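Undergrad: Based on these hints, arrange chain B on the given structure of chain A.
Heads up: the protein sequence lines correspond to chains A and B, in order.
Just so we're aligned, residue 1 is where the first sequence starts under UniProt numbering, counting upward by one.
Just so we're aligned, residue 1 is where the second sequence starts under UniProt numbering, counting upward by one.
The calculated lysine-lysine pairs, modelled on DSSO-like cross-linking and capped at a C-alpha distance of 30 Å, are:
1) B/K125 / A/K152
2) A/K152 / B/K133
3) A/K99 / A/K152
4) B/K288 / A/K239
Partial list, derived from the structure: chain B residues whose beta carbon lies under 7 Å from chain A:
5) A101
6) A107
7) L129
8) G130
9) T135
10) R137
11) F150
12) R251
Calculated from the structure, these hints are not laboratory results.
Owing to the predicted nature of the structure, the values given are computational and were not obtained by experimental measurement.
Quick reminder that beta carbons are idealized off the backbone N, C-alpha and C, glycines included.
One-letter residues, chain by chain:
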Amino acid sequence: MPVSGCPAQAPGCLLPAFPHGLSKEAPFTRQPQPMDTVRIAVVGAGLMGLSTAVCIPTLVPRCSVTVIADKFTPDTTSDVAAGILIPHAYPDTPVHKQKQWFRETFDHLFSIANSAEAGDAGVYLVSGWQIFRSMPTEEVPFWADVVLGFRKMTEAELKKFPQHVFGQAFTTLKCEGPVYLPWLEKRVKRSGGLMVPQRIEDLWELHPSFDIVVNCSGLGSRQLAGDSTIFPVRGQVLKVQAPWLKHFIRDGSGLTYIYPGTSNVTLGGTRQKGDWNLSPDAEISRDIFSRCCALEPSLHRACDIREKVGLRPSRPGIRLQKELLAQDSRRLPVVHHYGHGSGGFSMHWGTALEAARLVNECAQALGSPAPKSKL
Amino acid sequence: MKHLDQGQRPVGGRGGTMRVVVIGAGVIGLSTALCIHDRYQPVLQSLDVRVYADRFTPLTNTDVAAGLWQPYLSNPSNPQETHWNQQTFDYLLSHLHSPNAADMGLALISGYNLFHEAVPDPSWKDIVLGFRKLTPRELDMFPDYSYGWFNTSLILEGKRYLQWLTERLTERGVKFSQRKVESLEEVARGGADVIINCTGVRAGELQPDPMLQPGRGQIIKVDAPWMKHFIVTHDPERGIYRSPYIIPGIREVTLGGIFQLGNWSEVNNIQDHKSIWEGCCRLEPTLKAEIVSECTGFRPVRPQVRLERERLRFGPSNTELIHNYGHGGYGLTIHWGCALEAAKLFGEVLEERKLLRMPPSHL
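The shape of chain A in the complex, shown without the other chains:
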């Protein structure tokens, strides 16, 4: 019996991850587990679900991980985001925690960016500027010493942006969803995890097949966790071809931005609270393009413009919390890991590690489990 990590799966038992299709039949088939394997279900296959699924086996001895979601990459919210590591401030989360999670995420991705895996993982360095039309209240943000080479822009640099009076220059990381998520999926599978395309309507569906549930369902938590504090902030972006752009440009509050990627440049954006509409709006696209061209006139030559929409799972603070669901005599430990709003990529590894620690606490609390009913 393995002392730590997950037992390997026989190939025939691995279900492929389907991007489409919701199957209600034979939901959670897998090879029968040794008696004391902790069976963990991760609900949600976006950035949080997958990174938590990668972290869990490193902390929890003798576990099996099954990721269950209705959407997989490239159809998740995480696939729309540009993935630039510039933190978003959460009013309800202490700053020292935000800084810790950002630092953990940055350091983790930084080592990937400098390795041979960088291309496969879609993680790389990018430099650029954050510019302000009026002096910001905070000239040096809490994350200044986490990114590289943070400094004020010089007068000569600011000449590029005649409407702006102040700016910060630094080097950070970009983590590209459509490449990073499949890479995470591979890592999950390599350590024995399963991907199951299935829409969960109620967390109790996972009982008794699973011992612990990790809820990474983002906006789905309105229903699955009865959380009315989470709401969508709609973001529309354009993905364009402009390979000559090598720097990011983020305007003040972050409403307008230009983030160069490996295969396209992301232009944004919008912040529409409470808007659930996933269809792109042509008027908004024109407005985004015009705002970005004002910052970077060479964008007038951009081509192959595609529109995308994502609904940021916004919340006053990230929910990282254990909850023991109880119904009659049934008990279901849940670890909530959702609500990252605009800051998912910036915080994901730090919060995934914390979620995995909480899962481990639940696993320890399970003690020696009673015999499980057969699947």
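TA: Coordinates of chain B only, in the frame set by chain A:
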């Protein structure tokens, strides 16, 4: 151009008529042609500019260059070169904000210069943007190096820029002629009033110049679109361009690190290939990239740029010659400043020949 008998060439006359031949169609030839045309066409009755070359883009040395604006680290022996570098940077920077920037092959790029030990700041530190030293965490990315700089500079892709210059010149009626010029005399006798010699590394074929030598370079172009920074390493013991460098262009990334004085071999060399590939992969472990192409070029190396006038005498005729060659590995970096200087020298020729149209109040 009319072919005139010897001794019957009119000298200027009532209006100013000028026949200019630019020899060489690399960045120096084409930018000088454009600079002279735009400055003097309005003030001459007639200005006929032609470009003669045996090689045009994509077969020139300019096409091989990575295109990073960066002078040598040490101060040039001719202090004017610093001024020409600055003029070029400012000129290119002013074009950055136009929608045409990408058409010109022009883009801003930031990156790293790496050293094995502390070095003094370069003379161009205030020309580039945001120049600073590297922090310890940044240096951790490059374990073979212990000191370095970060700054924002410009990329000017040779091939795209030459195409853009060609389009601008064609719009202005400048004619191109593909031919191998065997001698300056041949061009002079063909009716040229002024010859601009932009023949680069092969200038010695027209007029022996023992100070001019080829600095052979070989580069590999790869497809690595996640690379957004240039990385240039330096090894003072080996000399400039003999240490690995990685320079992203608009679409492809140039890998290099070869500099061989006196080597005229145009063939890609397998040892050089290995040296470049191993050096760059060691520098940048993410470089598991597809090789797109590989080529060889010859930097026109000279202790300083030859930018000066000379008078040719073939029989009774006087032909003015302006030399503009020998820009080493920094041709793109310095080209516009040199074009302006060549245009200034051309202006002197016009004044001497009293060809510049005088404003009405002076008549």
